[in-house]
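Protein chains in written order, with UniProt numbering: chain A, 1 to 246; chain B, 1 to 150; chain C, 1 to 86; chain D, 1 to 64.
Please note that a few of the clues may not be correct.
Taking lysine to any residue and the SDA-like style, the derived pairs with C-alpha atoms no more than 20 angstroms apart in a straight line are [claimed, not checked]:
(1) C/74 to A/86
(2) C/74 to C/28
(3) C/74 to A/239
(4) C/74 to A/29
The hints are simulated quantities; they were obtained by calculation from the structure and are not laboratory data.
Residues per chain, in single letters:
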Amino acid sequence: MSRRLRLWLLALGGAGLAALLAAACLDLPGFGGRAHPYGTRAVHASLTRHTANTIASVNFDQRAYDTLGETSILFAAVLGCVVLLRQARDEHRARPEPARVALPVRRYALLVMPVALVCGLYVIAHGQLSPGGGFQGGVVTATALHLLYLGADYHALERIRPLGVFETTDALAVCAYLVLGLAALLAGTAFLANTLLPYGTFNTLSSGGTVPLLNAAVGMEVASAVVVLLANFLDQAVEIEEESAG
Amino acid sequence: MNGWVLAATVELAGGGAAALWGVTTGPTARRVVAQNLTTAALCPALLLLAQGYGRPSYVDLALLLALLGPVGTLVFARLLHEDLEGQRPSAWGLTYAVAAMGAVVVAAVCAATGPGRAMVKLLVIGALLVGGNLIASRALSGAFRGVRGG
Amino acid sequence: MDEAVILVALLLVAGAATAAVAQRDPARQALVLSVLGVLLAVLFTVLQAPDVGLSQLAVGAVLTPLLVMLSVRKIRRRGRDRDGAR
Amino acid sequence: MDRRTTPRTVLLVVGELLAWWAALTLLWLVLISSVYPLEWIVGASVAAAGALLARAGRRAVSWR
Numbered sequence: 001m002s003r004r005l006r007l008w009l010l011a012l013g014g015a016g017l018a019a020l021l022a023a024a025c026l027d028l029p030g031f032g033g034r035a036h037p038y039g040t041r042a043v044h045a046s047l048t049r050h051t052a053n054t055i056a057s058v059n060f061d062q063r064a065y066d067t068l069g070e071t072s073i074l075f076a077a078v079l080g081c082v083v084l085l086r087q088a089r090d091e092h093r094a095r096p097e098p099a100r101v102a103l104p105v106r107r108y109a110l111l112v113m114p115v116a117l118v119c120g121l122y123v124i125a126h127g128q129l130s131p132g133g134g135f136q137g138g139v140v141t142a143t144a145l146h147l148l149y150l151g152a153d154y155h156a157l158e159r160i161r162p163l164g165v166f167e168t169t170d171a172l173a174v175c176a177y178l179v180l181g182l183a184a185l186l187a188g189t190a191f192l193a194n195t196l197l198p199y200g201t202f203n204t205l206s207s208g209g210t211v212p213l214l215n216a217a218v219g220m221e222v223a224s225a226v227v228v229l230l231a232n233f234l235d236q237a238v239e240i241e242e243e244s245a246g
Numbered sequence: 001m002n003g004w005v006l007a008a009t010v011e012l013a014g015g016g017a018a019a020l021w022g023v024t025t026g027p028t029a030r031r032v033v034a035q036n037l038t039t040a041a042l043c044p045a046l047l048l049l050a051q052g053y054g055r056p057s058y059v060d061l062a063l064l065l066a067l068l069g070p071v072g073t074l075v076f077a078r079l080l081h082e083d084l085e086g087q088r089p090s091a092w093g094l095t096y097a098v099a100a101m102g103a104v105v106v107a108a109v110c111a112a113t114g115p116g117r118a119m120v121k122l123l124v125i126g127a128l129l130v131g132g133n134l135i136a137s138r139a140l141s142g143a144f145r146g147v148r149g150g
Numbered sequence: 001m002d003e004a005v006i007l008v009a010l011l012l013v014a015g016a017a018t019a020a021v022a023q024r025d026p027a028r029q030a031l032v033l034s035v036l037g038v039l040l041a042v043l044f045t046v047l048q049a050p051d052v053g054l055s056q057l058a059v060g061a062v063l064t065p066l067l068v069m070l071s072v073r074k075i076r077r078r079g080r081d082r083d084g085a086r
Numbered sequence: 001m002d003r004r005t006t007p008r009t010v011l012l013v014v015g016e017l018l019a020w021w022a023a024l025t026l027l028w029l030v031l032i033s034s035v036y037p038l039e040w041i042v043g044a045s046v047a048a049a050g051a052l053l054a055r056a057g058r059r060a061v062s063w064r
């Protein structure tokens with residue numbers, strides 16, 4: 001295919017896409033209107049199942065199957081990173097040099113690390129009550145650990161981060177999500193249907209049936225996945241060196 | 001539109017535009033300072049929005065920003081410290097001014113909330129914001145000078 | 001009148017996103033990217049989507065800059081090692 | 001490791017953990033909107049995890 005023909009093809013495709021987008025934009029409902037057909041139904045469904053945060057109800061109840069897909073995407077992506085960033089045969093590990101960080105910064109890191117952990121777990125635990133959830137809280141929890149790298153050095157982080165445990169937890173959390181789905185199947189309903197547990201009192205930690213459990217599984221998965229991902233990046237950036245060919 | 005949302009709009013427009021200008025122009029030292037001040041400028045805006053919309057749960061966003069914003073600046077201070085050597089990036093006048101503005105906003109929102117656990121939560125956010133901001137500024141102006149390699 | 005704050009947030013996000021694309025140096029790009037992350041979180045908040053805003057905040061404030069900056073450091077170190085071996 | 005486990009060091013460790021645990025439980029109580037027994041249980045366990053992390057972090061930094 002010649003260059004000219006390719007350009008024409010690109011122009012044709014671009015023009016078609018632009019026309020379709022313009023047509024779709026002209027047909028959109030007005031910005032921020034009062035009528036939300038899907039929203040009304042989602043809120044109704046979430047209230048009948050005693051889930052205060054409708055978004056959590058959509059994520060972990062009405063569309064729990066989608067969240068399973070997203071969870072496995074994250075798992076597969078981290079697995080791919082682990083394979084790509086592993087220590088190759090012509091590389092060796094250099095021990096990271098200890099870092100002399102100014103005292104106020106180190107104290108700040110040590111002080112904020114547990115606070116960030118508690119805040120991350122708070123966001124996970126209250127996912128079905130207030131904004132937040134497993135993904136958001138999991139990322140914050142994982143970030144908390146890495147304050148030790150920022151405030152001290154990589155060696156200190158390696159001491160409090162048993163990588164094997166986090167890798168296992170990652171896999172176990174994805175399994176837990178699947179098992180919760182299969183449990184509904186065994187109970188005689190559909191896969192991941194939220195009919196297994198009592199819905200509880202509205203606006204408490206135990207409300208929403210299986211929503212808090214699925215939320216916790218996702219939180220565990222995301223937290224360990226981010227720790228494993230950052231561990232591989234940190235290994236590459238700090239420790240692993242190529243053998244110099246002389 | 002109530003006064004809280006109006007104040008948030010003004011803060012967002014002023015702080016956001018200034019931060020954006022600072023972070024896209026000039027030497028690296030100026031850019032990291034602007035990145036640091038983004039947190040301090042936008043976290044009070046989130047608090048004002050939560051108050052303006054009458055949704056106490058929106059305060060969680062400000063909490064996470066006050067917690068994670070300075071950590072993000074520490075990332076840059078740590079991993080760019082070789083670039084910043086000899087530049088001493090600091091703007092202490094601006095840092096103190098923005099921190100004082102954050103404190104004023106937290107005090108105003110506290111006064112509107114009234115005594116209770118919600119007010120203590122706002123005070124915790126304020127302490128994390130101001131403390132984190134000052135520490136991050138300190139980190140930018142050479143706290144990682146003894147760091148080599150790792 | 002509530003649209004004013006949405007308009008301001010949208011304009012800031014558009015400006016920050018354009019600036020992030022226009023930067024050439026990856027480290028400076030990461031700086032703009034972290035500001036863009038926070039601005040996006042504010043935009044989601046004013047559009048009444050705090051869950052998405054929290055996700056954006058958690059990922060954009062620390063995780064993305066850390067990943068980008070670690071990659072930059074690895075590449076720079078590699079270049080320095082090669083120069084040293086030569 | 002040559003550090004001896006005298007009653008004094010044990011007391012110091014327990015004191016440090018308890019102080020962190022109490023502070024973090026208070027933080028949890030500030031964060032939440034309504035207080036009931038399950039919230040206490042979850043908060044206390046989260047604060048315990050936080051206290052262990054605080055101690056592990058401090059030891060990892062000072063222990064070289």
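Hint-by-hint comparison with the structure:
The straight-line distance between the Cα atoms of residue 74 of chain C and residue 86 of chain A is roughly 14 angstroms, inside the 20 angstroms bound, and the hint therefore holds. With a CA separation close to 16 angstroms, the supplied pair residue 74 of chain C and residue 28 of chain C stays within the 20 angstroms bound. Distance check on the hinted pair: residue 74 of chain C and residue 239 of chain A sit about 10 angstroms apart at the alpha-carbon level, within 20 angstroms; holds. Restraint check: the Cα-Cα separation between residue 74 of chain C and residue 29 of chain A comes to about 48 angstroms, which exceeds 20 angstroms; the hinted pair is violated.
In terms of the numbered hints stated before, the structure departs from hint 4 and from no other.
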